[in-house]
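Q: Using the sequences and the accompanying hints, generate a full structural model.
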Amino acid sequence: MKTLGKSLKRPDAITKVTGKAKYVADYQVKNMLVGKILRSNIAHGHITKIDVSKAKALPGVVAIISADDVPDIKFQPTGLPIASYPEPGMHADKNILTNYVRFYGDEIAAVAAVDVLTARKALELIEVEYEELPVYLNPQDAMTEGTVEIHPDSKNVLGRNEFTIGETDLAEAFERCDLVREDEFMVNPVQHCQMENHIAYAYMDEKERVVIVTSTQIPHIVRRVTAHALGLTANQVRIIKPYIGGGFGSKTDVCIEAIVASLTLAAGGKPVLIDMEREECMIGTRLRHAIQFKIKTGVNREGRILAKEMISVSNTGAYASHGHDIASKGGGNFFRTYPAELVTHFEGTTAYTNLPPAGAMRAYGIPQVNFAVESHMDDVASALGMDPVVFRKINMIQEGFVDPLKRNMVIENIGLDQCLDKAKDYIGWDKKRKQYSKCQTGDRRRGVGIACFSYGTAVWPYDLEVAGARMKLDPDGTLQLTMGATEIGQGSDTVFCQMASEITGIAYEHVLIEHINDTDHSPFDTGAYASRQCYVSGQAVKKAGLEIRNQILERAEHLSGIKVKDLDIVAGQIVEVNSKRLVISLMDIALKSYCSMELFGVIKSEVQVDVRSTAYAFGASAAEVEVDIKTGRVEILNICNVHDSGTILNPMLAKGQVHGGMSMSLGLGLSEVMLFNDKGKPLNNNLLDYKLPTIMDTPDFGVEFVETYEPTGPFGNKALGEPPAISPAAAVRNAILQATGVRVNQTPMNPQSLFERFTLEGLI
Amino acid sequence: MLDICEYYEAESLNDAKRKLASSPSANIIAGGTDLIIRIRDGAMANASLIGIGRIEELKEISLCKNGDIHIGSMVTFRELEQNCTIKERVPYLGEAGGTMGGPQIRNVATIGGNLCNGAVSADAVAMLCCLNAVLVLESVNSTRSMLIQDFYLGPGQVDLMADEILTGITIREQDYLGYQGRYIKASQRKAMDIATLGCAVSVNCQEGTIRDLRIACTVAAPTPVRCSSAEKLAVGLKATSDNIMKIRDAALGDVTPRDSWRGSKAYRKQLVMINIQRALESLVLTDGGE
Ligand SMILES: Cc1cc2nc3c(=O)[nH]c(=O)nc-3n(C[C@H](O)[C@H](O)[C@H](O)COP(=O)(O)OP(=O)(O)OC[C@H]3O[C@@H](n4cnc5c(N)ncnc54)[C@H](O)[C@@H]3O)c2cc1C
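So the sequences go chain by chain: A and B. Using this note's numbering, the first residue of the first sequence is number 1, and each one after it goes up by one. Using this note's numbering, the first residue of the second sequence is number 1, and each one after it goes up by one.
If the Cβ cut is set under 7 Å, some of the chain B residues that face chain A in the computed set are:
1. M1
2. D3
3. R189
4. G263
The set of hints was computed from the structure by calculation and includes no laboratory data. Ideal Cβ placement from N, Cα and C applies to all residues, glycine included.
A: Right, here's the structure in full:
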């Protein structure tokens, strides 16, 4: 590879660090109104009266809307192309504004006013009366017989699925095991806390179309969903996505677009901005699902897993958002990393409760499953008296694995074993494991832990995987690239430019990419989620690049008489393959394609791909910790992630992804949790009380790669965006287990909760 | 956009006092790192503010002839950390200040604001309690001094009249000469966090014997507390591990932490004990410990 595989500078680097890149908040629109959302201050109940008259009378208030002012259309705000599991449209359970409140913070009215203070004052003047209903915060309470249904006819169950893989009867299989162990785990809800809060502004253009400039991961889907919610056709809505300050999945839902659009409609098309505050963003967008797990594993004396079962109950909160998909994806993951010899059984349930809605968050439910499964693996290993690494190696997925959950695809190119070896070596496993297994008695005790993961790339075969790319050769021989895929900070635009350069032979610096998506102009692509863009949208770049390259070489053949197959493009020149002799410069061809009588015909391509494959990324984390028994504090002494993500397309960006993901996982494992009182009122929806780690809490991260080649990927690559956020938490949990002998089966493993456990276990 | 209706920049201390006396609803703004947050939260509609950031005399740290140290109320945490007098005489006070917020906050947050805000978790307070710091409060008509312990009336409540300005803090020589100190802040994060429990210890220990011990805890009661029974017990004791355990156990009787979702009573008690123990061990332990 010439351009790929190198740590090339991001095309948006300078623009961003010099502050020139425009994010939604940077657009100065004349006479922009400020929109504010009135959120419920109870978690469950009917609105019996809503009086906006005082607010309306406040000077500077331009429009006020409540549930009666928006179409009575239920929609599903989710990101995937069209929810296809279990069937399309199944979970359309949300109105733009509601008079039936389902969580503390539910959207009940919105105001557009001349400035923030007026808008805030107007919210205070809206009088709301409620008839309160019982509040259910966990699935068990919500699913009890006779409870109030948060959504009609749901029994507060959003979705359920189960599968059994293997011929043997489950009970019989467990009977045949030499050792059976059962554990329970609880992963508590966290929030994305991406740098840029949700923000959007909307206005009506001269053609009376609703234009929404929004910080989203999925512009094309936002258009479809918003249009549907507003009772408009897709064409009446236009979405523009400027530079984005992160999303981590929280922007794969329509959270504010339909509200801000409704406000502009109510305000006669005047521009209205909704700029969410952090406190609001933390409850008014999405959470990561809280999931409870029961896992049972049976092994034989040699440590081979014969049978296993997982029962998971996921808490989606007040609305479906991504539906049951997150819980069901976890089931597949449970089955795959360590397949059981005889039988695997999974049962997953997703329940409605009165917590804020949970949706997609980096790695889509797998961090939760991984914490449970990888912790449980260590517990089984210790029951067997076996080294956790050895136990994993005996059971890990092998090449040639046939996956019945993925249309019997055969999984090949598995770098998991090597990842595990590398992680183990990085941490000095053999020596330290032994050293720390000696009886430790002081206040500070050490341990090492390990965890593995597997992760599917993109969403096929459950959903459509499509992407588009457009390329045009400019008169000076540079290339313009327009993607439907969305750059949200992760660096995909950089890699797309590298791909375009790799394929066409045009220098990387000569590829100009459009960072802004616009549903009027950008090719169709579903957006940034599921670690899909380099894998799926990358195919579009490759295809478009090949077409461009071919067109260039055809012109060169026309001019030189040398056959296309004997020509190549190297550093902006067309050369003869064998002699390396210069045939013609790219610039010449480019210019002629615009202004020559004989050669006119702009060189361009526009392609769409429909990708029908997936690939599994693998990896392992290893951690060394020191636990302060007396205070419950955990210090990470050393930690690493090793990834098999196929070809690494840009090592620096890849490392950046891994750093960020590891930090997220440590947050989930050690400090972050969204707290609510028994009435469902959020307690810590701010960055002081919600313990997002700071840089001071962040250890140095070891990052290594095992580069396999994935033939279905455009350049041998597979998922890397989400995987780093999966396994560090479990590795730390297992290290704490070695250090203290205490099995902590719940996140976050923060000082307070460890203090309680250590007290219970008699360590304090 | 903040709900501020008036801002007045005081030219001098007298100017500030006069302005404050004539505008009963006005608030002093120092670094603004507490105040602006309250305004943003909507807790102070139509705020009227008096800025005291240009008053040079409030920004000084001086060593008096008699050995007392005077710290102006507008001294920032960064200045406190870097000041030579503090470094030489009470380095542990500067270190305590260094546990607060992050570098950006320490650049603007003042010690006066930290005290006047009255937060139970304020990081400058515990060590100042050990130092028996004396606060100087001035208004147009009066000047008062009081011990820092007396300044605290309850959570968020301090003995500060509407027309008063905290001008400075005096640390008397007798309260630091011969003492060593240590502040241990227990918080979930290593920066940008409030204390789950703050524990300051200062000790005068000669030839292995504790002559005087001062322990102050924050978030351990509605106001900062000195652990007086532990302090009394300590006088004359040898600085041994056993004695340190006795002292820390005695301190439990001096605190009344509460249960909240930020931390349980039991956990806070544990932190009182363990952090007193650790602070003392690091300062005076002679028999090797553990
Ligand atoms: C991100 C962040 C992190 C923080 N971390 C910490 C931390 O770790 N530990 C900690 O203790 N605090 C922390 N704080 C709180 C705050 O920074 C401190 O309490 C700080 O010392 C307040 O000082 P200030 O100068 O900003 O006060 P201001 O906000 O200006 O004032 C605070 C209050 O005191 C009054 N006041 C101020 N000066 C005087 C005076 N001279 N006379 C009379 N009244 C006065 C004001 O009227 C106001 O009511 C943090 C704040 C932020 C925003």
